[in-house]
Amino acid sequence: MNGDEGFVEEELLKRVPRWRNYLAAKLGFRNHWYPVRFSRDVPENVVLAVKLLGENILLKRVNGTVYGIKDRCIHRGVRFSHKIECYTRDTITCWYHGFTYKWDSGVLCDVIASPDTPIIGKRKVKSYPVREAKGLIFVFVGDDDFPVPDLSLDVPPMLLDEDMYVQGSSYPVKANWRLGCENGIDPLHIYIHRESRLVPNTQRSIPLGHRVNPHGGDNRILEEEEGKPKGVRSAEFREGQVSAYVPLYEGRVQGQVVVTSTKMHTTPEEAKFKRTTGDFIVLPGALRVDNFPYHGLYQFEWYVPVTEDSHLYIITIGKRCADEAERAEYDHAFWHRWKPESLEGFNNDDITAREALQPFYSKDRNWLEENLVREDQSIVKWREVCHRHARGIQLPKHVDP
Amino acid sequence: MNGDEGFVEEELLKRVPRWRNYLAAKLGFRNHWYPVRFSRDVPENVVLAVKLLGENILLKRVNGTVYGIKDRCIHRGVRFSHKIECYTRDTITCWYHGFTYKWDSGVLCDVIASPDTPIIGKRKVKSYPVREAKGLIFVFVGDDDFPVPDLSLDVPPMLLDEDMYVQGSSYPVKANWRLGCENGIDPLHIYIHRESRLVPNTQRSIPLGHRVNPHGGDNRILEEEEGKPKGVRSAEFREGQVSAYVPLYEGRVQGQVVVTSTKMHTTPEEAKFKRTTGDFIVLPGALRVDNFPYHGLYQFEWYVPVTEDSHLYIITIGKRCADEAERAEYDHAFWHRWKPESLEGFNNDDITAREALQPFYSKDRNWLEENLVREDQSIVKWREVCHRHARGIQLPKHVDP
Amino acid sequence: MNGDEGFVEEELLKRVPRWRNYLAAKLGFRNHWYPVRFSRDVPENVVLAVKLLGENILLKRVNGTVYGIKDRCIHRGVRFSHKIECYTRDTITCWYHGFTYKWDSGVLCDVIASPDTPIIGKRKVKSYPVREAKGLIFVFVGDDDFPVPDLSLDVPPMLLDEDMYVQGSSYPVKANWRLGCENGIDPLHIYIHRESRLVPNTQRSIPLGHRVNPHGGDNRILEEEEGKPKGVRSAEFREGQVSAYVPLYEGRVQGQVVVTSTKMHTTPEEAKFKRTTGDFIVLPGALRVDNFPYHGLYQFEWYVPVTEDSHLYIITIGKRCADEAERAEYDHAFWHRWKPESLEGFNNDDITAREALQPFYSKDRNWLEENLVREDQSIVKWREVCHRHARGIQLPKHVDP
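Chains as they are written, first to last, in the numbering used here: chain A, 13 to 413; chain B, 13 to 413; chain C, 13 to 413.
None of these hints come from the bench; they were simulated from the model. There is no bait here: all hints are sound.
Copies of the same chain look alike in the list, so a pair counts if it fits in one copy or across any two.
EDC-like cross-link-like pairs, simulated, lysine to aspartate or glutamate; straight-line CA separation at most 20 Å:
#: 1; residue 1: K375; residue 2: E320
#: 2; residue 1: K146; residue 2: E341
#: 3; residue 1: K409; residue 2: E22
#: 4; residue 1: K138; residue 2: E381
#: 5; residue 1: K409; residue 2: D376
#: 6; residue 1: K409; residue 2: E21
#: 7; residue 1: K134; residue 2: E381
#: 8; residue 1: K409; residue 2: E381
Given the sequences, and given the hints that come with them, work out the whole structure.
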């Protein structure tokens with residue numbers, strides 16, 4: 013595809029006026045912050061090539077600070093990463109004709125093969141704003157003239173709290189990023205986790221689904237306040253709220269119980285302690301799940317667009333730690349318990365589900381052929397919030413060949 | 013391709029008004045019966061996934077009857093076959109959210125994760141009419157509101173005769189289904205079979221081609237009578253008809269004999285016995301060849317559309333059998349002689365030829381660039397009969413991603 | 013792609029009026045001579061299949077003369093090369109129905125399976141003009157009614173000189189043919205060759221690039237004279253001309269020397285002897301480099317379009333030889349020194365560079381996104397000369413499936 017027309021057909025977009033921008037955002041939302049790798053992946057002086065929203069980006073840490081530039085020489089379009097040449101710490105030189113750029117600004121500072129070239133100092137390769145927080149490297153993929161917003165507007169609340177200590181890992185997924193989001197907040201998909209080894213490991217109950225509580229209120233709250241992250245969260249966060257749903261531990265077909273899941277026997281006091289997890293998803297596609305995988309832990313996860321057909325699933329688990337000793341203890345728990353038991357013993361089922369959704373949703377037209385049920389309102393609300401608050405749509409013209 | 017426009021360009025279709033529907037039917041004709049597997053492939057309780065005219069279909073035998081449903085949950089489009097869950101004999105449950113459907117009707121009877129879902133009992137997954145005959149499973153691929161015709165209208169005459177006993181096998185071919193049909197009825201393609209091991213094995217003559225008999229009449233009869241299968245057959249079926257062609261056993265280039273084929277010496281009486289084979293092709297693409305591979309046998313074969321680029325070649329050989337002993341004797345002959353010697357020692361050359369045709373005919377435009385000769389009138393007549401009697405065209409909108 | 017519209021978008025072509033035909037010629041220029049293989053590759057009676065400008069062509073040497081025909085039967089489009097049948101020396105027979113053609117004219121002379129076919133002697137398969145020169149087989153890819161020009165108009169001057177003795181080899185490259193041309197004449201790309209093993213092997217200096225000589229004139233001469241090859245050559249061919257450029261052996265980044273290349277110490281007399289190489293590129297994409305890889309040698313090389321994404325890089329090195337003894341001596345030098353040291357120890361870096369250019373330039377739109385510098389005027393002039401003198405554009409309609 014050379015241009016932008018026909019990326020998602022106008023005829024389809026018109027049919028979903030309330031979430032048009034979401035349907036259009038096959039490649040993600042432009043002018044947002046995305047985590048792209050862990051800080052540990054970019055030690056000093058290493059050059060790392062990543063793909064983000066279809067753009068090829070090079071990262072390098074220079075004197076502690078990570079910089080990002082487009083992985084494409086402005087001269088004739090070859091990729092620097094074809095053969096990395098960094099003659100000095102703060103520059104990168106194109107292997108083909110010696111065009112040399114500054115890491116911090118992208119400015120063309122020398123052309124080795126032709127030092128008298130008049131455009132030296134006047135042209136630049138695109139550079140990307142980069143921030144590090146909580147052991148993650150965030151990159152802002154946006155237009156050059158777009159005012160870069162604060163990172164805190166694009167991550168779930170609590171992540172940046174000073175005492176929140178985070179560890180994580182990332183997994184490539186062969187599915188569009190929106191299927192990651194929608195699987196993450198799908199209230200019914202718990203059915204696929206019924207045999208997860210996380211359940212016995214954490215002495216927790218895991219329902220198969222739920223029945224409707226006739227006294228329950230709306231269980232999804234829109235967060236659209238100016239100056240804060242925009243998103244959708246579950247109402248369970250509020251004290252005293254009656255849940256809209258009653259968890260279900262027996263599955264029936266034509267009246268007969270055919271499948272059961274694990275229900276721990278708990279006292280009312282324990283039940284209060286083992287409160288239902290809550291979730292909060294914010295633009296551009298970051299979810300916080302409270303009290304998961306265990307009471308007192310917070311799962312923060314991202315569905316980072318890579319191509320139209322793939323995303324990077326970054327999963328982190330945070331814990332409030334007061335000091336180095338607590339952090340060290342949590343490090344051990346994360347790497348030896350939560351990574352194998354939860355990331356790879358529970359969320360791996362989510363990866364499978366998203367990849368199974370991909371063939372259907374890869375045809376744009378099929379987004380209008382789904383048959384959503386009442387519980388999927390959480391997904392519909394998410395789409396609508398995205399439509400209203402996305403800062404831009406990534407288009408083929410932004411994407412590298 | 014998201015829509016239907018441009019599937020086959022209108023500009024090309026306009027140029028073949030007499031067989032327009034045939035050129036358009038890259039994916040097959042809709043609202044017809046197709047054999048898809050042998051009965052032996054679907055024992056009780058086995059769930060089998062097949063692709064037919066681009067549609068993914070699941071088959072299951074329940075209490076002896078085979079049912080077919082679309083392999084795609086109505087909720088969010090995942091395939092049931094990703095992970096088959098049949099909690100009861102007559103239902104199938106989607107692995108993702110527990111949507112459960114009845115095999116016999118496709119009706120949604122339960123949603124395990126949300127038993128109060130209002131659409132239970134009101135929505136259904138597409139179900140396909142299925143018939144079994146002569147050891148084959150036939151599926152009707154059509155519109156829900158299309159009156160299902162009798163199977164006998166879509167198979168060659170004689171197949172369903174009570175004493176016709178049939179055995180067969182199937183072979184995947186990387187070529188469009190129409191190239192299967194056209195190779196099957198091509199009067200000149202006999203040239204490729206000249207070294208087939210079937211020929212010495214059956215003491216038969218096999219010509220290289222033919223010369224024109226100036227006293228011969230038209231050798232193709234159109235069958236378009238109301239209430240009967242529609243198709244084209246060779247005139248050799250009629251007694252007393254003078255053949256249009258004289259078989260040729262020596263091939264010449266610039267006057268010199270360069271290649272010969274096998275001609276048995278026969279008395280006139282034997283010659284009458286070893287009459288030329290006759291053929292009869294009917295919509296939607298099923299051929300009967302009489303007295304082939306041997307006197308008294310009937311080859312029935314189908315070119316079943318799978319994708320635009322592939323078909324399933326189902327070859328069966330029928331014999332009229334009066335009782336179980338005759339059937340047992342024929343079973344032995346089929347599996348030990350005709351399958352290796354004919355299906356795999358003769359028709360395998362046809363598979364090779366069709367796959368060699370595919371690159372040229374995969375470009376729609378090239379259907380107008382061929383240079384057909386007089387003998388190819390059998391093919392042209394077949395295209396025209398298809399144009400007049402096809403009940404519908406399979407389009408991309410019918411196809412699963 | 014079925015038709016020609018949209019091959020290269022009109023909207024893009026309009027934006028480069030001075031080299032529109034060059035941008036359009038993704039598949040090469042039609043009605044030109046191209047070398048396709050070496051004479052040694054086609055001994056008597058061998059049939060060789062090649063692809064040239066997207067067309068599948070068969071070559072056969074009959075009684076010393078090489079003939080070329082389209083590798084596609086006119087009847088139903090299958091390729092002869094699927095199973096070659098040459099019953100007589102000067103004919104080829106299609107394996108499917110016995111259509112038989114003459115190698116020298118392409119005329120259909122027999123149909124083995126139907127000797128009475130009326131089109132015998134009246135129809136033909138496309139035949140291609142073929143010439144052999146300097147151990148290369150040249151094929152003219154053009155329209156049937158286009159007057160075939162003399163081969164000398166499509167090769168660099170000197171190649172066909174009687175005493176010019178040529179040896180060579182060919183290499184497939186996964187890049188468009190135009191990227192081959194542009195790399196070949198790029199004055200700055202010398203930077204990539206700085207570590208080539210050819211340099212120490214030939215006691216030569218190799219600069220990294222150059223500084224501008226303020227007294228230098230224009231260094232590119234357009235050759236557009238009627239009745240001669242059309243192209244662009246470097247001005248160094250003329251005696252007494254002041255070079256526009258001063259070679260540079262030290263590369264600097266921000267003022268510091270970061271890379272150096274090899275500079276031999278030479279007396280002024282030696283310097284005159286070791287004159288700078290000159291180059292001369294002509295349509296349809298053939299380059300001569302004088303005094304390369306050594307004084308007194310002439311490199312002739314071609315970038316022969318195969319598909320949109322690939323070309324055949326034919327490299328030859330010529331030497332003026334007076335007699336058989338000199339030719340034998342040069343044979344030894346070519347195969348034991350120049351092929352390993354220069355073709356595979358220097359030009360292999362050019363292959364790598366072209367393949368690195370391909371992703372960017374494979375998007376037609378990106379031809380308008382490059383940032384050419386002053387030295388790239390040689391490339392721009394080449395594009396413009398091609399625009400003015402190309403005899404035709406190869407289009408998808410000319411290409412075999």
